[in-house]
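Asker: Take these sequences, add in the hints, and give me the full structure.
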Amino acid sequence: MGKRALLGVLGAISLAVACSEDESTNRKGDAGTTNGGAAGSSGSTSGGTANGGATNGGTTSGGTAGSSGSSSGGTAGGDASAGSAGMSSGGSAGAAGMDAGTCDPPPDAGCTTTIPSPQEAYLKTDVSEASLELGRAVAMDGNTIVAGSTGYPVGTTGAGAALVYTRDCNGWSLQAVLTPDNPGNDQFGRSVAISGDTIVIGAEDEDGPGESFSNSGAAYVFERCGSSWSQTAYLTASNAANNDRFGKQVAISGDVIVVGAPEEDSDATSINGDQTNDNAAQAGAAYVFRKGAGGWAQDAYLKASNAEQGDSFGDAVAISGSTILVTATGEDSPATGVNGNQGNDPSYISAGAVYAFVHDGSAWSQQAYIKASNTGANLNFGESLAIDGDTFVAGAIDENSDSTGVNGSQTSGVASSGAAYIFFRSGVTWTQQAFVKASNTGANDKFGTSVAISGDRVLIGAPNEDGSASGLGGDDTSDGTDAAGAAYLYTRNSGNWAFSTYIKASNPGIADLFGQGVAISGPSFVVSALFEDSGATGTNGDESDNSKGNSGALYVFKP
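Numbering of the sequence shown is given in the numbering used here, commencing with residue 2 and proceeding in unit increments.
Be aware that one or more of the hints could be misleading.
[Stated by the list, open to error] Once the Cα atoms are required to be at most 25 Å apart in a straight line, the calculated SDA-like pairs of lysine to any residue come out as:
id, residue 1, residue 2
1, 559, 423
2, 559, 472
3, 559, 545
4, 559, 548
Calculated directly from the structure, the hints in this document are not laboratory data.
On a predicted model such as this, the values are computed, not experimentally measured, just so you know.
Answerer: Given below as structure tokens:
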């Protein structure tokens with residue numbers, strides 16, 4: 002893959018007009034990432050040059066205007082300090098800022114109707130078509146959900162879209178359908194993230210300005226003014242090249258965005274190294290963008306401290322405040338725990354690792370190198386990732402132990418059952434706080450495909466789980482519906498994690514992949530079923546109509 006020269010300026014074009022105070026919605030905390038999701042709130046889910054170049058505006062359409070309300074739970078805001086030392090060239094044309102306002106009342110204040118609980122809503126797109134794949138990625142912040150639909154029709158093609166749903170006193174409704182200003186078959190909606198009134202959407206197959214680099218990838222920034230959304234920035238890598246997959250994962254916290262490019266090829270290590278060579282195929286990279294007075298500009302170019310060919314650094318990303326996490330699912334060291342030996346060992350291929358970076362007000366630095374407590378070949382530790390404050394959770398979909406619940410045996414027994422690992426930071430030191438398994442561990446369930454965190458609650462998806470139950474707290478021992486999927490809720494009390502709730506779709510079906518994406522914000526959470534088949538549209542339609550295969554659905558809960 003031949004690299005092009007550093008691209009210089011642009012990457013973010015101003016499209017929006019600043020909100021007046023009485024037009025803008027209440028500001029909320031960041032959502033963190035979910036994989037399959039990254040992102041997510043999760044709480045889903047970063048000076049150099051911003052490059053690329055897009056012109057005016059992505060489109061928004063459809064839906065009813067819903068109030069946005071204030072955030073519950075999660076970590077508020079991103080690191081607002083000035084950008085770190087960056088690349089020598091660059092700058093960026095800026096996106097106009099949105100002024101915070103308080104026009105909308107909190108959604109539950111003065112409500113005269115009761116939203117049904119615990120499942121609040123069954124959400125579909127506004128069109129009844131097959132292969133929409135709603136829920137390829139999902140993120141949540143307070144009373145707003147954004148979900149990618151990579152097969153959504155734009156013009157005559159399934160170019161993809163991101164759908165925004167909001168909750169008011171009457172429940173959930175579609176607020177907007179977000180599409181890029183340059184639609185194509187680019188996997189737009191492959192990743193999504195939200196923080197307050199800003200949404201980031203990844204398109205890993207986008208070909209760059211002028212279609213110059215096949216599948217180099219891009220990320221699109223949309224901002225909300227009142228109930229209207231507009232595209233305010235188009236972000237690409239400062240060293241964009243063919244097949245880098247920039248935008249496979251995105252995350253946002255306040256005014257900082259991080260974007261993963263797991264197939265980027267330079268052999269640089271650490272921060273702001275040499276981007277110009279192709280000496281380590283698919284080593285991967287992550288790119289940090291910060292919004293300043295002039296708009297969004299690249300703030301840092303992140304690489305693993307032990308970058309190697311095939312490590313896929315950037316396969317998942319997450320951010321909370323001034324902390325960024327990046328995974329390298331193909332990383333090969335035999336180390337366990339935190340800050341162990343980073344040497345490569347081919348017998349530990351694709352063990353996986355997580356790298357923590359922090360911003361001190363002037364620059365980014367790597368804080369920790371983190372491995373699973375039972376690292377092993379093909380573990381894929383870090384397949385999913387989410388952070389809220391000083392706690393993060395990482396999934397490992399091919400972990401093989403047969404234990405259930407929290408902190409059980411970590412020895413092999415059930416192939417690709419999957420696991421998740423929760424880490425906590427005290428001061429500057431990260432330690433593993435919990436080893437988490439499903440309540441009904443099963444072979445090939447892929448537990449950990451998606452993860453989300455908000456405060457003391459963690460939500461984990463297992464889209465290949467085979468249970469036949471429906472709703473919350475059903476029988477998790479019946480395996481009669483192949484790959485219907487499930488999600489699992491865990492809670493922390495006094496530093497101790499425990500299993501809480503087994504979660505299923507209200508209409509489980511074979512191969513629906515419920516749990517492909519998860520997001521959580523305060524007491525509410527959402528789970529996507531990527532291949533759910535109903536032909537319903539909008540909110541709470543007919544769940545039993547299986548006429549539109551792989552259309553996808555979202556399920557919102559507030560237990």
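Asker: Next step is simple, just say for each hint if it's right about the structure.
Answerer: These are the hints, each one checked on the structure:
1. 559 x 423: Cα-Cα ~23 Å, so holds.
2. 559 x 472: Answer holds: residue 559 to residue 472 is near 12 Å, not above 25 Å.
3. 559 x 545: The given pair, whose Cα atoms are some 23 Å apart, holds under the 25 Å limit.
4. 559 x 548: 29 Å, violated
Consistency note: the structure conflicts with earlier hint 4 alone.
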